[in-house]
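K.L.:
Protein sequences, first through last, are from chains A and B. When we follow our numbering, the leftmost residue of the first sequence carries the number 1, and every step to the right adds one. When we follow our numbering, the leftmost residue of the second sequence carries the number 1, and every step to the right adds one.
Simulated from the structure, these hints should not be mistaken for laboratory data. Treat the hints with care, since some could be wrong.
[Said to hold, decoys possible] Some chain B residues near chain A, calculated using beta-carbon distances under 7 Å:
#1 S9
#2 P10
#3 V13
#4 L26
#5 L33
#6 F34
#7 T37
#8 A76
#9 A80
#10 K86
#11 W100
#12 E109
From a predicted model like this one, the values you see are computed outputs, not experimental measurements. Cβ atoms here follow ideal geometry from the backbone N, Cα and C, with glycine treated the same way.
Protein chains: 2
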Amino acid sequence: MKSEKHKRSPCPVACVLDILGDKWTLLIVRDMLFGRTYFNEFCRSPEGIATNILADRLEKLVHQKLVEKYTTTEIAGRDAYRLTSKGKSLKPVLDAVAKWGLANIEGTEAKLKSTGSP
Amino acid sequence: MKSEKHKRSPCPVACVLDILGDKWTLLIVRDMLFGRTYFNEFCRSPEGIATNILADRLEKLVHQKLVEKYTTTEIAGRDAYRLTSKGKSLKPVLDAVAKWGLANIEGTEAKLKSTGSP
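Turn these sequences into a full structure, and let the hints guide you.
P.N.:
Below you can see the structure in the form of structure tokens.
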């Protein structure tokens, strides 16, 4: 990931793609918008993200202050992840992407099915 | 690029990322929305796309029917590219991405400067 000091250009689209332009990062944001919290919950999403890719993307999302790590009393000692307000503000981007996909890609469905219980 | 037959999941976000989830494809769509037409015009955008990446992404965009190749009388024998109506329908996605970038990434500017005359 390029830092703010190494922008490819001042174009906001290019700068957003420097952070989110891959096949996985927005899916993790999607999962958090759906209320998923734990590493193994993200792993269970139907796309089957590899654990090394997930760990890398979570670290980058935390670095970009889109996601924060916290601890819950629910499962002691296990890191939990949630969107910051900056991360939550990506919802209109996700909505626009999902709307375009539903309108233009055959076989897409609005509701995500998990491959296992959370 | 995965074909429709090899979807990672039926999630529209995942399916859109299978097509557009990289650092370059949406920038080519952006350039076409700005009225750019020729291979060397896309090369001149400030992000400095490599010609092999540009050729690959154009081919994939044509394959996905987001872009069509045509010939102009303006420059005989040179291929020109333009968005199809499916490609143009990505404008709300670009707008949402640009709006988020402008609001959240320091140093971004709404107006794209070209590094050379078209």
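K.L.:
None of the hints should be skipped; say for each whether it holds.
P.N.:
Against the structure, the hints come out as follows:
1. For the restraint placing S9 of chain B at the interface with chain A, the shortest Cβ-Cβ distance is roughly 4 Å, inside the 7 Å limit, so the hint holds.
2. About 4 Å separates the beta-carbon of P10 of chain B from the nearest beta-carbon of chain A, less than 7 Å, and the hint is met.
3. Hint on V13 of chain B holds. Least Cβ distance to chain A is approximately 5 Å, under the 7 Å limit.
4. Given the 7 Å rule on beta carbons, the hint for L26 of chain B holds: about 6 Å separates it from the nearest Cβ of chain A.
5. For L33 of chain B, the interface hint is violated, since its Cβ never comes within 7 Å of a Cβ in chain A; the closest pair sits about 10 Å apart.
6. Of the supplied interface hints, the one on F34 of chain B is violated, with its beta-carbon coming no nearer than about 10 Å to a beta-carbon of chain A, more than 7 Å.
7. Checking T37 of chain B against chain A by beta carbon gives a least distance of about 19 Å; that is not within 7 Å, so the hint is violated.
8. Proximity of A76 of chain B to chain A is violated relative to the hint, the smallest CB-CB distance being about 32 Å (cut-off 7 Å).
9. The beta carbon of A80 of chain B is not positioned within 7 Å of any beta carbon in chain A (closest approach about 22 Å), and the interface hint is therefore violated.
10. Checking K86 of chain B against chain A by beta carbon gives a least distance of about 6 Å; that is within 7 Å, so the hint holds.
11. A cut of 7 Å between beta carbons decides the hint on W100 of chain B: the least distance to chain A is about 5 Å, and the hint holds.
12. Hint on E109 of chain B holds. Least Cβ distance to chain A is approximately 4 Å, under the 7 Å limit.
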